[in-house]
Amino acid sequence: MTAGRDLITMTAAQMAHAIAAGEVSAAELTQAHLDRIADTDVEVRAFLHVAREAALAAARAVDDRRAAGKPLGPLAGVPVALKDVFTTSDMPTTCGSKILAGWRPPYDATLTRRLREAGAVILGKTNMDEFAMGSSTENSAFGPSRNPWDTSRVPGGSSGGSAAAVAAFQAPLAIGTDTGGSIRQPGAVCGIVGVKPTYGGSSRYGLVAFASSLDTPGPLARTVLDAALLHEAISGHDPCDSTSLDAPVPPVVAAARTADVAGLRVGVVTELSGEGYAPGVLSRFGEAVELLETLGAKITEVSCPHFTYALPAYYLIAPSECSSNLARFDAMRYGLRIGDDGSASAEEVMSLTRAAGFGAEVKRRIMLGTYALSSGYYDAYYGKAQQVRTLIIRDFAAAFEQADVLVSPATPTTAFPIGERADDPMAMYLADLCTIPSNLAGNAALSVPCGLAPEDGLPVGLQIMAPVLADDRMYRVGAAVEAALDARRGHPLLAEAPGLDGAGGGPEAGR
Amino acid sequence: MADVAITRAEVEHLANLSRLALEDSEVDRFAEQLDVIIAAVARVQEVASAGIPPTTHAADLSNVFREDVVIPPIGADAALDQAPAAELGKFRVPRILTDEEDSEDSAPGDRGES
Numbered sequence: 001m002t003a004g005r006d007l008i009t010m011t012a013a014q015m016a017h018a019i020a021a022g023e024v025s026a027a028e029l030t031q032a033h034l035d036r037i038a039d040t041d042v043e044v045r046a047f048l049h050v051a052r053e054a055a056l057a058a059a060r061a062v063d064d065r066r067a068a069g070k071p072l073g074p075l076a077g078v079p080v081a082l083k084d085v086f087t088t089s090d091m092p093t094t095c096g097s098k099i100l101a102g103w104r105p106p107y108d109a110t111l112t113r114r115l116r117e118a119g120a121v122i123l124g125k126t127n128m129d130e131f132a133m134g135s136s137t138e139n140s141a142f143g144p145s146r147n148p149w150d151t152s153r154v155p156g157g158s159s160g161g162s163a164a165a166v167a168a169f170q171a172p173l174a175i176g177t178d179t180g181g182s183i184r185q186p187g188a189v190c191g192i193v194g195v196k197p198t199y200g201g202s203s204r205y206g207l208v209a210f211a212s213s214l215d216t217p218g219p220l221a222r223t224v225l226d227a228a229l230l231h232e233a234i235s236g237h238d239p240c241d242s243t244s245l246d247a248p249v250p251p252v253v254a255a256a257r258t259a260d261v262a263g264l265r266v267g268v269v270t271e272l273s274g275e276g277y278a279p280g281v282l283s284r285f286g287e288a289v290e291l292l293e294t295l296g297a298k299i300t301e302v303s304c305p306h307f308t309y310a311l312p313a314y315y316l317i318a319p320s321e322c323s324s325n326l327a328r329f330d331a332m333r334y335g336l337r338i339g340d341d342g343s344a345s346a347e348e349v350m351s352l353t354r355a356a357g358f359g360a361e362v363k364r365r366i367m368l369g370t371y372a373l374s375s376g377y378y379d380a381y382y383g384k385a386q387q388v389r390t391l392i393i394r395d396f397a398a399a400f401e402q403a404d405v406l407v408s409p410a411t412p413t414t415a416f417p418i419g420e421r422a423d424d425p426m427a428m429y430l431a432d433l434c435t436i437p438s439n440l441a442g443n444a445a446l447s448v449p450c451g452l453a454p455e456d457g458l459p460v461g462l463q464i465m466a467p468v469l470a471d472d473r474m475y476r477v478g479a480a481v482e483a484a485l486d487a488r489r490g491h492p493l494l495a496e497a498p499g500l501d502g503a504g505g506g507p508e509a510g511r
Numbered sequence: 512m513a514d515v516a517i518t519r520a521e522v523e524h525l526a527n528l529s530r531l532a533l534e535d536s537e538v539d540r541f542a543e544q545l546d547v548i549i550a551a552v553a554r555v556q557e558v559a560s561a562g563i564p565p566t567t568h569a570a571d572l573s574n575v576f577r578e579d580v581v582i583p584p585i586g587a588d589a590a591l592d593q594a595p596a597a598e599l600g601k602f603r604v605p606r607i608l609t610d611e612e613d614s615e616d617s618a619p620g621d622r623g624e625s
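Respectively, the protein sequence lines represent chains A and B.
Each residue of the first sequence is one higher than the last, beginning at 1 in my numbering.
Each residue of the second sequence is one higher than the last, beginning at 512 in my numbering.
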């Protein structure tokens, strides 16, 4: 085992500590991750852009600050991978789309700025389904990322590049966005932690919009505590985002350190299991619930009868918002322009550019949203979907009277093979069956690994849902499950992932 | 559930409204797929009844104000830096009117909506 391997297998918390204590330099740590990316990303394809020089410069700046005795940010020197949907003034931002290929934004997203202010080292921009529409990264115009557990399978999506990078030890932390499950679902199928904070808890300023009433930035990490550290660093009120909540950030780091569920009421959602769920997902989920009981939680079953209507409501609301948001890609001010030959009109150029620049899923959703918002159909579709959204919020409110947190599988199945659902939109949409209700209601939810499905040896995620601005509660539960499972197993789940470089066993196998 | 069938003509209309110059083969495929998707999402009509207020947004916020302070804009150079075409410190865009509109609609100033 090389020194580089020891560095990349540390947790983010350990990395931050080692840098602050002077045991390792930020430049060394960044170099180790850049080397890992160079070694493994031919296979994983997590990154669309590796910001080698910018990352090393940021790392050296941390080392200089430390040498000068200046205060360090909470993530000083810790590498992070950033989903390519956040604007970055020093890196391209493509959203996985040809229409934005090579685009250099003139400003940093609030989230980008907060990462820099926390001292984090941005390694580069990660692959994603085009404009965050998808559950596999197969909708990226630049080709799919691969699941580090089995590179013939998808890493989930849309934040699949971010999840794959963390699972492949290319970065200890990554940022994703979750509109219908796009952080929790890839987190679950890559065997890592993925968190959707309360809507409005993390800023959307500089996040290229897909569905503005649902889009939520959040962390991906290998441990619950690491996710909490990143969560805290990126969260808090932002006057540049009018939907940002002016409220204190829930104490997620303290909660992750508490990791205690004694006396906590845990509700198992009846509607999020049964037909369509893989047997290994249900068995691991059942075991996680039993584990929570042995840890002192009180288990109850709660019914949320309208959750079965969440998926249809989502596939009206999200496309409707997307059809409006993506109207900005008009070939006039930035991005691709096709057919501007001096005789074609602006409308012709616009239509040609959008036809060439958008992929099939984006076109489908724009047209679906245009349909749902059309006069004559508005009341029957968009209007009804908004009413279902109310019913789902009421279901959550009733459920949180009976339970402090709700649990379910994070996804109905484990990672599916690349190509399996690519031509079947409805099959792809089902990947977000369990995650969508929390997007519609705006509450917090996370996915934490709860084992491997016996039938395919692939990771299963436990979803923990908490009320609006009670994000800390799900961190308590997630950390308790993680600690108990790690203790029972004797090592973290990712230690069982196969190696990516033919070295046999994952990077932690020799620990 | 309403009996919806998405026709080729309907997809062409949606594509036009969405400013997407689709290929013929795309129109056929999207008609088939949108038909399946719309039939599936129409399930919302089973439970949404009159009297249930709509929810437009996850965060229940209204009248969000911030301090009225001047923040320097990014500036013309930065704004134009990534433009597909720029001229004289401005975005250069293709002409707004088509040949058809020029010839069919000869009365100046009477362009209707476009």
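The hints are simulated quantities; they were obtained by calculation from the structure and are not laboratory data.
Accuracy of the hints is not assured; some may be wrong.
Said to hold, decoys possible - Pairs of lysine to any residue, SDA-like flavour, derived with a Cα cap of 20 Å:
1) A:Lys-298 x B:Glu-537
2) A:Lys-70 x A:Pro-106
3) B:Lys-601 x A:Tyr-277
4) A:Lys-98 x B:Lys-601
5) A:Lys-98 x A:Ala-259
6) B:Lys-601 x A:Ala-259
7) A:Lys-98 x B:Glu-537
8) A:Lys-98 x A:Ile-338
9) A:Lys-298 x A:Ile-338
To be verified - Quick partial rundown of chain A residues pointing at chain B, CB under 8 Å, derived from the structure:
10) Leu-245
11) Leu-282
12) Tyr-378
For every residue, glycine included, the Cβ atom is placed at its ideal position computed from N, Cα and C.
Status of each hint after checking the structure:
Only pairs whose Cα atoms come within 20 Å are accepted, and Lys-298 (chain A) paired with Glu-537 (chain B) is rejected, the gap being roughly 53 Å. Taking the CA atoms of Lys-70 (chain A) and Pro-106 (chain A), the gap is near 29 Å; set against the 20 Å cutoff, the hint is violated. Distance check on the hinted pair: Lys-601 (chain B) and Tyr-277 (chain A) sit about 55 Å apart at the alpha-carbon level, beyond 20 Å; violated. Proposed proximity of Lys-98 (chain A) and Lys-601 (chain B) is contradicted: the alpha carbons are some 24 Å apart, above 20 Å.
For the hint pairing Lys-98 (chain A) with Ala-259 (chain A), the CA-to-CA distance comes to about 44 Å; that exceeds 20 Å, so the pair is violated. This hinted pair does not check out: Lys-601 (chain B) and Ala-259 (chain A) have alpha carbons roughly 57 Å apart, beyond 20 Å. The suggested pairing of Lys-98 (chain A) with Glu-537 (chain B) holds, with an alpha-carbon distance near 18 Å, which does not exceed 20 Å. Taking the CA atoms of Lys-98 (chain A) and Ile-338 (chain A), the gap is about 12 Å. The hint holds against a cut of 20 Å.
Under the criterion of a C-alpha separation no larger than 20 Å, the hint pairing Lys-298 (chain A) with Ile-338 (chain A) is inconsistent with the structure, at around 60 Å. Annotation: interface hint on Leu-245 (chain A) holds; nearest CB of chain B at approximately 6 Å, less than 8 Å. About 24 Å separates the beta-carbon of Leu-282 (chain A) from the nearest beta-carbon of chain B, more than 8 Å, and the hint is not met. At a threshold of 8 Å, the smallest CB-CB gap from Tyr-378 (chain A) to chain B is about 11 Å, leaving the interface hint violated.
Taken one by one, the earlier hints fail for this structure at numbers 1, 2, 3, 4, 5, 6, 9, 11 and 12, listed in ascending order.
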